[in-house]
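Asks: Take a look at the letters that make up each chain.
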Amino acid sequence: MQTKRQKFKESYLLYSFKRDKVAMVSFTILTIFLLAALFAPVLAPYDPYDTASIDIMDSEIPPSWVADGDSRFFLGTDIMGRDLLSTMLYGLRISVMIGIGAVILQAIIGIGVGLVSGYMGGKVDAILMRIADVQLSFSTLMVAIIVSAIVQLTFGVGRYEQLAVPLLVVIIGIAEWPQYARTVRASVLGEKNKEYVEAARVIGLDSKRIMFSHILPNSLSPVLVISTVQVANAVMSEAALSFLGLGMPVSRPSIGSLINAGFEYIFSGAWWLTFFPAILLIIFILVINLLGDWLRDVLNPKLYKG
Amino acid sequence: MKGFKIISLLLMLLIASTAGAKTLKLAMDADPVSLDPHVQLSGGMLQYSHTVFDPLVRWTQDMKFEPRLAEKWERIDANTMRFHLRKGVKFHSGNPFTAKDIVWTIDRLKKSQDFKGLFEPFTSAVAVDDFTVDVKTTKPYALLLNMATYVFAMDSVFYTGTDANGQEKDIILKTGASFALDNESGTGPFIVAEREQGVKMVYKRFAAYWDTKSPGNVDEVVLTPIKKDPTRVAALLSGDVDFIMPVSPQDFKIVGNAKGINLVTMSGGRVITFQLNQESRPEFKDVRVRQAIAYAVNNEGIVKKIMKGTATTAGQQGPKGYVGYKESLTPRYDIAKAKELMKAAGFEKGFEVSMMAPNNRYVSDEKIAEAVASMLSKIGIKVNLKTMPKAQYWPEFDNRAADIMMIGWHSDTEDSGNFSEFLAMCFDKDAGYGQYNAGNYCNEKVDALVLGAQVETDLAKRAIMLQEVEQILYDDAAFIPMHWQHLSWAAKNNVKLEAIVNAQNFPYFGDLVVE
Amino acid sequence: MFAFIVRRIIQATVVMLVIGFIGFSVKHQLGDPVRDLVGISVSIEEREALRQELGLNDSFLVQYGRFLKNAMHGDLGYSFFYKRPALDVIFDKAPATIELVFAASLIILLISVPVGLYSAIYPKRFFSKFAMGVSIVGVSIPVFLTAIVLIYVFAVQLHWLPSYGRGETVDVFGWESGLLTIDGLRHLVLPSIALSSIMLPLFIRLIRSEMMEVLETEYIKYAWAKGLSRRRIWMVHAFKNTLLPVITVGGVQLGILIAFTILTETVFQWQGMGFMFLEAVERSDTALLVAYLVVVGALFVVVNTVVDIIYGLINPTVTVASR
Numbered sequence: 249m250q251t252k253r254q255k256f257k258e259s260y261l262l263y264s265f266k267r268d269k270v271a272m273v274s275f276t277i278l279t280i281f282l283l284a285a286l287f288a289p290v291l292a293p294y295d296p297y298d299t300a301s302i303d304i305m306d307s308e309i310p311p312s313w314v315a316d317g318d319s320r321f322f323l324g325t326d327i328m329g330r331d332l333l334s335t336m337l338y339g340l341r342i343s344v345m346i347g348i349g350a351v352i353l354q355a356i357i358g359i360g361v362g363l364v365s366g367y368m369g370g371k372v373d374a375i376l377m378r379i380a381d382v383q384l385s386f387s388t389l390m391v392a393i394i395v396s397a398i399v400q401l402t403f404g405v406g407r408y409e410q411l412a413v414p415l416l417v418v419i420i421g422i423a424e425w426p427q428y429a430r431t432v433r434a435s436v437l438g439e440k441n442k443e444y445v446e447a448a449r450v451i452g453l454d455s456k457r458i459m460f461s462h463i464l465p466n467s468l469s470p471v472l473v474i475s476t477v478q479v480a481n482a483v484m485s486e487a488a489l490s491f492l493g494l495g496m497p498v499s500r501p502s503i504g505s506l507i508n509a510g511f512e513y514i515f516s517g518a519w520w521l522t523f524f525p526a527i528l529l530i531i532f533i534l535v536i537n538l539l540g541d542w543l544r545d546v547l548n549p550k551l552y553k554g
Numbered sequence: 029m030k031g032f033k034i035i036s037l038l039l040m041l042l043i044a045s046t047a048g049a050k051t052l053k054l055a056m057d058a059d060p061v062s063l064d065p066h067v068q069l070s071g072g073m074l075q076y077s078h079t080v081f082d083p084l085v086r087w088t089q090d091m092k093f094e095p096r097l098a099e100k101w102e103r104i105d106a107n108t109m110r111f112h113l114r115k116g117v118k119f120h121s122g123n124p125f126t127a128k129d130i131v132w133t134i135d136r137l138k139k140s141q142d143f144k145g146l147f148e149p150f151t152s153a154v155a156v157d158d159f160t161v162d163v164k165t166t167k168p169y170a171l172l173l174n175m176a177t178y179v180f181a182m183d184s185v186f187y188t189g190t191d192a193n194g195q196e197k198d199i200i201l202k203t204g205a206s207f208a209l210d211n212e213s214g215t216g217p218f219i220v221a222e223r224e225q226g227v228k229m230v231y232k233r234f235a236a237y238w239d240t241k242s243p244g245n246v247d248e249v250v251l252t253p254i255k256k257d258p259t260r261v262a263a264l265l266s267g268d269v270d271f272i273m274p275v276s277p278q279d280f281k282i283v284g285n286a287k288g289i290n291l292v293t294m295s296g297g298r299v300i301t302f303q304l305n306q307e308s309r310p311e312f313k314d315v316r317v318r319q320a321i322a323y324a325v326n327n328e329g330i331v332k333k334i335m336k337g338t339a340t341t342a343g344q345q346g347p348k349g350y351v352g353y354k355e356s357l358t359p360r361y362d363i364a365k366a367k368e369l370m371k372a373a374g375f376e377k378g379f380e381v382s383m384m385a386p387n388n389r390y391v392s393d394e395k396i397a398e399a400v401a402s403m404l405s406k407i408g409i410k411v412n413l414k415t416m417p418k419a420q421y422w423p424e425f426d427n428r429a430a431d432i433m434m435i436g437w438h439s440d441t442e443d444s445g446n447f448s449e450f451l452a453m454c455f456d457k458d459a460g461y462g463q464y465n466a467g468n469y470c471n472e473k474v475d476a477l478v479l480g481a482q483v484e485t486d487l488a489k490r491a492i493m494l495q496e497v498e499q500i501l502y503d504d505a506a507f508i509p510m511h512w513q514h515l516s517w518a519a520k521n522n523v524k525l526e527a528i529v530n531a532q533n534f535p536y537f538g539d540l541v542v543e
Numbered sequence: 002m003f004a005f006i007v008r009r010i011i012q013a014t015v016v017m018l019v020i021g022f023i024g025f026s027v028k029h030q031l032g033d034p035v036r037d038l039v040g041i042s043v044s045i046e047e048r049e050a051l052r053q054e055l056g057l058n059d060s061f062l063v064q065y066g067r068f069l070k071n072a073m074h075g076d077l078g079y080s081f082f083y084k085r086p087a088l089d090v091i092f093d094k095a096p097a098t099i100e101l102v103f104a105a106s107l108i109i110l111l112i113s114v115p116v117g118l119y120s121a122i123y124p125k126r127f128f129s130k131f132a133m134g135v136s137i138v139g140v141s142i143p144v145f146l147t148a149i150v151l152i153y154v155f156a157v158q159l160h161w162l163p164s165y166g167r168g169e170t171v172d173v174f175g176w177e178s179g180l181l182t183i184d185g186l187r188h189l190v191l192p193s194i195a196l197s198s199i200m201l202p203l204f205i206r207l208i209r210s211e212m213m214e215v216l217e218t219e220y221i222k223y224a225w226a227k228g229l230s231r232r233r234i235w236m237v238h239a240f241k242n243t244l245l246p247v248i249t250v251g252g253v254q255l256g257i258l259i260a261f262t263i264l265t266e267t268v269f270q271w272q273g274m275g276f277m278f279l280e281a282v283e284r285s286d287t288a289l290l291v292a293y294l295v296v297v298g299a300l301f302v303v304v305n306t307v308v309d310i311i312y313g314l315i316n317p318t319v320t321v322a323s324r
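Residue numbers (the numbering used here), protein chains in the order written: chain E, 249 to 554; chain L, 29 to 543; chain Y, 2 to 324.
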């Protein structure tokens with residue numbers, strides 16, 4: 249019964265995907281981006297982390313097709329003399345890592361809390377949801393500003409570079425788990441009184457089992473839908489943090505920190521420093537959002553509003 | 029209908045307030061932290077002091093002393109300087125200015141946490157008559173006139189007594205409300221008319237200003253702090269402000285090319301250096317390693333690419349024009365030589381170090397640090413760089429938290445000795461020497477020469493001593509000098525800024541002409 | 002109702018205590034405020050004396066206890082930088098942020114309602130599709146980029162609008178308002194557009210989907226059958242029911258909007274609470290930081306409560322006390 253339904257859904261998913269050009273194009277672009285991020289070390293013409301190969305005298309070279317461009321650097325170079333294309337590829341990799349990592353963390357916390365809260369109800373539910381409210385009252389930015397300021401100081405100098413990625417994952421993950429918790433809770437409340445759950449309870453299965461192997465699978469489509477939006481949000485949050493100088497360090501730039509670095513040069517004539525990373529970021533987030541939209545339309549789940 | 033009336037009334041007010049009077053809209057990176065000139069020794073506060081107060085003497089563009097409240101001065105004996113004061117000067121409160129005010133001001137300077145160090149050599153000031161004052165020092169002091177540029181006469185009558193809260197009016201408080209925090213009475217060209225900290229400050233011309241010969245014709249200065257460089261530049265380019273300082277290097281091109289805007293730069297006295305901590309990193313004890321680093325750093329490249337030519341490459345602490353400056357001490361970029369030295373020292377394979385730098389203190393500080401880190405990797409030294417805002421950086425600096433630390437220094441006395449006293453002398457907590465020597469470099473000979481120069485009044489001999497200091501530091505590669513930052517200002521063409529700026533970065537707004 | 006409000010007040014107190022504790026425990030990690038107060042050549046002993054005077058050398062518990070005691074009297078500490086009580090500083094900066102958020106909300110409201118309704122009623126028309134397309138692109142552009150582009154185009158290139166700050170403000174009973182002068186309004190345009198750009202697409206889409214859902218319901222179909230006028234069905238029957246979820250979401254999003262002012266205010270040098278917060282972080286003005294967190298926490302609780310009350314008023318099936 250279960251598998252048949254799943255199969256039907258899959259085929260319907262595929263069917264509507266084939267009919268939707270926007271979804272197909274978005275998916276293609278997203279795949280390309282993800283592959284580019286995954287294989288950045290192979291694809292990038294230079295290794296931007298290898299400081300020994302960078303020469304300050306190569307700095308601020310415009311893209312190769314512009315006058316004064318240099319054929320060695322297709323999209324030009326940044327202020328340190330790093331190849332912009334390579335730096336962007338590595339930056340995308342970091343942004344993707346943070347985005348996906350943060351969403352996984354959000355999902356783990358959020359689904360756990362949402363399931364327990366929705367299934368148990370009563371006092372437990374009230375307390376957990378209040379915690380979620382409090383958490384929401386501190387937007388991502390504020391949590392991040394404080395936590396990263398602390399961690400930057402608590403751990404020694406040398407280690408920040410290595411710690412930055414997990415740190416940002418934790419910050420963004422912690423700041424936004426309530427989104428998941430609320431969504432999952434809402435759908436659990438919807439499923440809880442359905443017959444199959446009643447049946448499971450009558451058989452005498454324990455609540456853990458009911459929650460995870462019965463209710464959860466039936467609440468997955470809203471989770472899937474918000475996941476796409478949340479990945480986009482997480483990438484944006486990371487960019488915003490880096491823009492405020494609280495994200496990735498200068499030597500390991502993400503897309504956001506590249507835009508931040510370029511912002512100082514916005515009037516200097518070195519337009520490519522801001523333009524290319526900005527376009528990359530916008531397209532990346534746009535295709536995720538478009539896919540999310542399409543998924544929402546197809547799966548049409550009952551989402552928690554807000 | 030009522031709404032219309034209000035709007036038209038407002039419009040009328042708007043028009044009325046702008047007619048006739050010459051207003052200068054000024055954007056700086058920060059506004060004064062207090063109205064009390066003695067609360068902090070910083071560039072921003074001194075700029076404020078020159079606007080609202082007057083010093084005994086001040087620097088001219090060619091580094092000479094210009095009489096202000098002191099008309100002339102003479103040395104009476106080895107330890108005493110006599111100042112003859114200007115007559116007929118009034119404070120903003122209307123009180124007349126006399127020798128008493130100078131005595132009172134110097135006494136207060138000696139109480140100020142920030143200035144007491146500089147005024148330590150001073151024993152007292154004595155009013156001989158209403159317009160003559162003798163300033164005495166404990167020992168012969170070569171820099172007495174340099175110090176006189178810090179004596180901004182405060183209105184002793186105005187600042188005496190207790191305020192509404194029962195607090196002494198002359199109290200210097202860094203963290204709390206005080207009378208001097210919100211009230212001022214100086215003799216300067218401008219009165220503070222309005223102040224909203226961090227948002228805006230309005231200066232109005234002092235009608236009874238003594239310097240009637242000054243060409244200055246600005247009636248009102250509206251100072252707005254704009255911290256972000258691009259926003260500040262955008263404000264000038266869009267015509268929202270008339271005058272900005274500083275201009276960051278990357279914006280020189282657009283500001284310089286913009287129509288109707290005048291960009292002025294001047295070489296300044298702030299040196300940017302890196303210190304190599306010999307205690308946390310034994311490798312740095314080896315003079316060859318330190319030299320190798322000096323050879324590996326491409327000062328020229330950083331000045332050209334990151335500073336866009338708005339700095340002068342440095343091989344020593346004090347810039348040209350300072351007594352200790354030695355022509356032969358120039359940057360020594362040579363990678364091959366650097367690698368050779370590393371090999372000779374037995375570190376051919378290199379090692380790993382940590383580096384820290386501020387990211388909002390010096391011009392392009394973060395980028396300079398990043399570039400240096402990448403340059404060092406070329407001789408096998410892997411650098412873990414961390415940059416942070418200055419409020420977090422200084423505690424780290426005090427703890428000598430990283431193996432390489434960036435520090436910029438501007439001599440408060442406009443003299444070479446000051447650099448070494450803070451940056452290169454052996455750390456001595458009690459005497460206060462070497463307080464910013466995060467490299468823990470220590471050389472008795474340097475200490476002896478610097479201390480000797482303090483009391484040497486024969487200027488020629490003194491110069492030779494200070495030049496020898498620079499030579500020793502250079503040979504020892506005691507620190508890695510980068511460059512001297514240039515100062516920069518930009519304004520609309522009708523603002524004649526060239527005449528009022530100087531290497532100390534104290535624009536004399538009282539003398540500013542706006543056409 | 003009374004019980005509900007009491008509960009909320011208790012809740013707010015707990016929230017604020019927790020926030021105060023968190024804020025307090027991190028403040029030591031945010032750098033040394035003393036360094037920002039003194040010139041660079043001030044001796045180590047002088048600085049130590051200042052730390053002692055400020056009570057920065059006391060143990061954590063002593064400092065927290067002192068903080069709590071003072072907080073009961075409505076004193077959230079003293080800003081090192083402004084040399085004034087932190088709450089005063091925040092209340093001075095609040096009008097700027099509130100006016101910005103207000104202007105942005107106004108833009109959001111004025112555009113999202115008509116556009117959202119239109120594209121729900123006529124989903125197949127070109128304008129609806131266009132609006133949906135633009136809104137999804139809008140949601141994908143980070144707010145700081147929007148802000149930069151706005152400044153570059155309208156201030157630097159076209160010289161139409163000012164690029165930074167609040168311009169001329171008028172003091173209305175202690176409230177520094179920029180809404181009453183032409184200069185102030187001109188300064189408000191770009192920042193409020195930038196700020197609204199994050200939420201606007203979201204609201205258009207939300208109103209559209211809610212409205213579409215409502216239009217599908219039985220009672221709307223019934224209303225059609227009854228032969229009511231189109232205008233009446235859309236505006237009164239359908240739109241009223243769309244409002245409920247929109248208000249709920251709006252309450253939550255308002256908090257987020259206040260947080261996003263940090264970015265907008267930074268780019269435009271808008272002298273509000275967000276800008277102040279970021280500067281306080283950079284200056285290690287810890288008392289101000291803690292106070293800001295407490296105030297924002299309180300604000301959020303208040304907004305949530307008001308939303309719940311409005312919710313109860315509009316929708317009689319939800320009794321406030323039971324929530």
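Errors might be hidden in some of the hints.
As the list claims (entries may be wrong) - List of simulated lysine-lysine pairs, DSSO-like, C-alpha gap at most 27 angstroms:
1. E/Lys-266 / Y/Lys-130
2. L/Lys-228 / L/Lys-255
3. Y/Lys-70 / E/Lys-269
To be clear, the hints were calculated from the coordinates, so they are not data collected in a lab.
Asks: Need the status of pair E/Lys-266, Y/Lys-130: alpha-carbon distance at most 27 angstroms?
Replies: 20 angstroms, holds
Asks: For L/Lys-228 and L/Lys-255, compute the direct alpha-carbon distance and say whether it is at most 27 angstroms.
Replies: 13 angstroms, holds
Asks: Holds or violated: Y/Lys-70 and E/Lys-269, Cα atoms, limit 27 angstroms.
Replies: The given pair, whose Cα atoms are some 63 angstroms apart, is violated under the 27 angstroms limit.
Of the hints listed earlier, the one the structure fails to meet is number 3.
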